[in-house]
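Throw the hints in and build the complete structure from the sequences for me.
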Amino acid sequence: MFSRKPVFIRPDDDSLYPIKNKDGAIETLINPNIDTALTIDKDAQTNFVYNRYHHLPLQAQRQKLPVFQYRNHILYLLEKYQTLILIGETGCGKSTQVPQYLYEIGHKVCVTQPRVAAAFTLASRVADERG
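So for the sequence shown, UniProt numbering puts the first residue at 1; every next one is plus one.
In short, the hints are calculated from the structure, not lab data.
A portion of the hints provided could be inaccurate.
With a straight-line Cα cutoff of 16 Å, these simulated EDC-like cross-link-like pairs (lysine to aspartate or glutamate) come out [what the hints assert, rightly or not]:
1. K94 with E129
2. K108 with E79
3. K64 with E89
4. K64 with E129
Simulated DEER-style distance windows between Cβ atoms [stated by the list, open to error]:
5. P57 with Q82: 33 to 39 Å
6. S124 with E79: 26 to 32 Å
7. E104 with P66: 15 to 21 Å
8. K80 with V109: 14 to 20 Å
9. D128 with T83: 16 to 22 Å
Source: prediction; values computed, not measured.
We put the CB at the ideal spot given by N, CA and C, even for glycine.
Right, dumping it as structure tokens:
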């Protein structure tokens, strides 16, 4: 795709605010523009996935995923460090979007899943998004 490796500039420091624990170590990064006050019933179970953006085209759905706003941060950190641990809620786009971000800038990507059904679902979703 690219004749040379792309270089990512460091994102603005004020776009993410570090949350430190009592020992002073950074525990998590939170963007103040995101509503993090979601309440989830831990005992509730469901067998379906609700997508409130199903009426939008796939590319617009991709931009609605929580991981999309961190795209440049993720790519910058992966360029700077050999290993990155990415933690996010179920359905935020970790498995479907981050590999595509890497593929789009010319990296080879291999994704593993713990179950066959999850692997097929992931592959199907990415194939739909890639066209």
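Results for each hint:
1. K94 with E129: holds (14 Å)
2. K108 with E79: Roughly 14 Å separates the two Cα atoms, so the pair holds.
3. K64 with E89: holds (14 Å)
4. K64 with E129: holds (14 Å)
5. P57 with Q82: 33 to 39 Å: For Q82 against P57, whose Cβ atoms are near 36 Å apart, the range 33 to 39 Å holds.
6. S124 with E79: 26 to 32 Å: Between S124 and E79, where Cβ atoms are some 29 Å apart, the hint holds.
7. E104 with P66: 15 to 21 Å: holds (19 Å)
8. K80 with V109: 14 to 20 Å: For K80 and V109 the Cβ distance comes to about 19 Å; the hint holds.
9. D128 with T83: 16 to 22 Å: violated (30 Å)
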